[in-house]
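Asks: Sequence:
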Amino acid sequence: MVAILLIEDDPLVRRGLQLALSRHGHDVRTADSGEDGLAEFRTSAPDVIVLDLMLPGIDGFEVCRRIRATSEVPVIMLTARGDDFDVVGGLAAGADDYVVKPARPTVLDARIRAVLRRGPGPADGVRVHRDLRIDTTALTVSVRGTPVALTPTELRLLLTLSRAPGRVFSRDQLLADVWEQDYLGDSRLVDNCVQRLRAKVEADSASPLYIQTVRGFGYRFGPV
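According to the numbering used here, the sequence shown is numbered sequentially starting from -13.
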């Protein structure tokens, strides 16, 4: 059973998703505002958060940023429209995925299960790349000896790229390997996750040593 925190201000949407996700076997707690959502997050320790962006008071963007300041729990955002402002803004705030409203419960359930499956894949020991140390067994990452906290999606992306230094991965390949579903070419998921990951592991994210852009194609892990 997955413990889900659903933060949604629309009572009909909130109740409908709560009932539907409960029928899928999940334990669903709800909140109707950003403030209540943050309070519930601190007390219930959910496995995943489903977060509406357009909330009264503290909006979903700020809720996500505050959660990310203390936790790497997966966050799936609900957006009323699939435009760049909502999607890119939510991903930049630290969300792992998004679903456009009206959210079909079967789709949302699939996204929840996918984000929770984002383990690292087969372990192969410790990878050391200059100042970056990746332990694929303990699932820890450190830079110059300092531990780095990554979300499951960020960790899976780093492990996927670093398993083959120098190999170029297209955005579609990374969507399939990391997000595990067909996102119809929505490269914003990859690009925003790369930006967050660079901010955590690169000394200078504007001139990355590890996660390098191959223009017009995708990304590669810098050869050592």
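Don't read these hints as lab results, they were simulated from the structure. You may find that some hints are simply not true.
Unchecked claim - Dumping the calculated EDC-like pairs for lysine to aspartate or glutamate here, alpha-carbon to alpha-carbon at most 20 Å:
| no. | residue 1 | residue 2 |
| --- | --- | --- |
| 1 | K87 | E188 |
| 2 | K186 | D95 |
| 3 | K186 | D72 |
| 4 | K87 | E26 |
| 5 | K87 | D(-5) |
| 6 | K186 | D117 |
| 7 | K87 | D158 |
| 8 | K186 | D172 |
| 9 | K87 | D45 |
Asks: Each hint needs a verdict: does it hold in this structure or not?
Replies: Hints, verified against the model:
no. : hint        : in the structure
1   : K87 x E188  : violated, 35 Å
2   : K186 x D95  : violated, 30 Å
3   : K186 x D72  : violated, 23 Å
4   : K87 x E26   : violated, 23 Å
5   : K87 x D(-5) : holds, 13 Å
6   : K186 x D117 : holds, 13 Å
7   : K87 x D158  : violated, 24 Å
8   : K186 x D172 : violated, 23 Å
9   : K87 x D45   : holds, 17 Å
Of the numbered hints stated above, those contradicted by the structure are hints 1, 2, 3, 4, 7, 8, listed in ascending order.
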